[in-house]
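Novice: Following the hints, put chain Z in place on chain F, whose structure we already have.
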Amino acid sequence: MTYSSKQQLKPRLLSLLLITLFGIVLLTGCDVIDSVTGNNDDDDQNVIIHPMLLNGSWGYITASGNTVMEPRFDLARDVSGGMAAVRNGTLWGYIQTKPAKLVIEPQYSSAGDFEDGLAPVQLPGQLYGFIDESGTFIIEAQYDFAQPVSEGKAAVRIDGLWGYINSDGNTVVEPKYSDARPFSDGLAAVETFDGWIYIDESGNEIINPTFLISDAGEFVDGLAPIETGDGWGFIDKTGSPVITPSFEEAGRFSQGLAWFRDGDYVGFIDKNGEVYIEAQFNEVKSFSENMAAVQMGGDWFYVNKNSKLVSIAKPFDGAESFKNGIARVWQGSDDDIRYGYINNKGEYIWYPTQ
Amino acid sequence: MISDMDTSIIKVNTFGTQLNNRHNMKRILLLTITLAFTALLLSSCNLVDNITGSDDSVDLYPVRIDGEWGYIDKEGKIVLEPEFQNAGDFKNGMAPVRHSWGWKYINKKGEIKVEGNFSNIRPFSGDKAAVQFEGRWGYINKSGSFVINPKFRSASDFSDGRAFVRSINYSSYYYIDENGSRIEAVGLPSDMDYVEESEFRNGRAMVRDGDMYGYIDKSGNTVIELKYPEARPFNDQLAAVRVSDRWGFIDSKGQVEISPQFISVGDFGNGLAPARVNTNSFGYIDKSGQVVIEEQYQQAGTFNEDRAPVLINDKWTFIDKSGNQITSPKFDEVEPFYNGLARVTIYVPVEDEIEENYGYINKAGKYVWFPTR
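Protein chains in written order, with our numbering: chain F, 1 to 354; chain Z, 355 to 727.
Any given hint could be a false lead.
[Stated by the list, open to error] Pair by pair, the computed Cβ-Cβ distance ranges are:
{"#": "1", "chain 1": "Z", "residue 1": "S499", "chain 2": "F", "residue 2": "G263", "range": "23 to 31 Å"}
{"#": "2", "chain 1": "Z", "residue 1": "E707", "chain 2": "F", "residue 2": "N282", "range": "40 to 48 Å"}
{"#": "3", "chain 1": "Z", "residue 1": "S526", "chain 2": "F", "residue 2": "S240", "range": "48 to 56 Å"}
The set of hints was computed from the structure by calculation and includes no laboratory data. All residues carry an ideal CB built from backbone N, CA and C; glycine is no exception.
One chain only, chain F, in its complex shape:
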């Protein structure tokens, strides 16, 4: 049972991680561009572009709904580190965001997000390495698997074991773990044969509690979700379970709140472990920009953090977290899926298209 729930959680933790990374990237990205060029808001909107599906192909729009790249890809991912991975056929390439244009032709069988100017990629039939924004291999292809850079370090797998390298390609943590998560708040969760522990940037195993941690998420604001025999709780950076493990499931903190599952319903707790929004939703996404997507009775809506109330009561078949004032939502499913974007009033800035 523990195993199966752990398997379920991983993609969720990963997506949460991606959202965090994306947030970090955007924040730093904006700052850099602003400081260099003194951009105004309009230009910022051109930097922050979002994938859009139209007539079966993917392109990109700005947060105000203007098309900046005509649909021409089979798949397009969110922007990360000023770049976005796009796929045609089976091969991945990258676009840059300002101006939006294809800069690295599709050629990789696998392509991760850019961070610190590096992205993990794999050419067909070869090992993973890291490229820069021109597509040049900066770190030679030599890993079975590689994760995007986070806080200057990337988890890489060699001969089935995970370690970490820095942006220069130098090993900072020897490969010896069966699984590894990205660095966040200066710590990374790694899986040993005795459960999950946390290491610092030098690889010191600084959180290795007496109790078994069967799954572990990233630290946000000093707290990380962990699963024990008593369920999910949160530890601080000393490894102390400051929010006692008792939840059936829990996600990482975001905007001071973390979701928890109680039976069939999900709610949110604050950093003291107090219930902030009682369990009443079937599923939720994390809070961002004071809003969280919540599912009730099969449809998705948005709840406002301050009022704790459903503030966008328009039903969607799917809804993602807000980024830069807009959120991706969809209607329909499978072959009939249509993606759109709404603003925080629930108004479409891009009506769902297919």
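Specialist: Leaving out everything else, chain Z in the frame of chain F:
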């Protein structure tokens, strides 16, 4: 517009004939036709002038005309043309209506003010209305925003600042405050079949533990011990309780106000309550326990706006506080007076079935809207 008028005139004639055949009340017929015709003229004038709707201070009442619902004012004038598939009472300036097969709230001008993906809605009580959303009940404000999330399986209207709800996982029933926070209390009802009996009134709600009834305050504290084998909710500051085999009344502190002496009683309203002293019929008593209207009614309801419904020979009418009937007993169903009018129902046999026709009477007992189908 013209066709609307034509239809309405035919309607007047139709129910006129019907009335002639079935009842011998020509005066009322004439009055009704006059009223209805006046209403028609007035409303068509309004239409011609392109003035529809009314201002907020006017009281409006739902009426059904040939299966469609509209609203009349206190004089029986059609103010909102019949265009709704269903229509509820105006409360706080808003009324729930079913229009284009969706539930919405309109204002007194007939403008749709709130619409959402609601599968069911209830009239506003105070500044909130219960709505069903995605199979769950929550509460919205007058701008249509949720003020309490849709997280209940069932939910009552707010009364005295409290509502009675069933939890989303079906496991419990409880009261919530205006913020939607749960109020802990013992002896709560374990169903919502008699929602009116679980309403907070005069700061008290009835609770039951096994076979014994008592009362809680708005914080959920038991303030009147659970010691009565039968009891009724508070109304007009008093609650009916049974002690041994006789009914009396207590105040909100549990003090006996009228000693147990009655075979059966109803709720106080406007200072009077239905009671049976020693016969098989109901009369009315005052708050000193004195009989002020002699026992004579098969059934007797609560006074509201100085009128009470009473059943005589299987037909309902209303009496005033002196016991005068304001009409002859002739209604099959009645509702309490509300803003000066009471909705009355007459069963009309149509072929093999019985059709319910709804009308309104004023406090003098005159029809302002003759029952229509």
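Novice: Next, verify each hint and record whether it holds.
Specialist: Hint check:
In this structure the hint that S499 of chain Z and G263 of chain F lie 23 to 31 Å apart at CB holds, the actual value being about 28 Å. Checked against the hint of 40 to 48 Å, the C-beta distance between E707 of chain Z and N282 of chain F comes to roughly 44 Å, which is consistent with it. Evaluation of the 48 to 56 Å hint for S526 of chain Z and S240 of chain F yields a failure: the beta carbon distance comes to about 35 Å.
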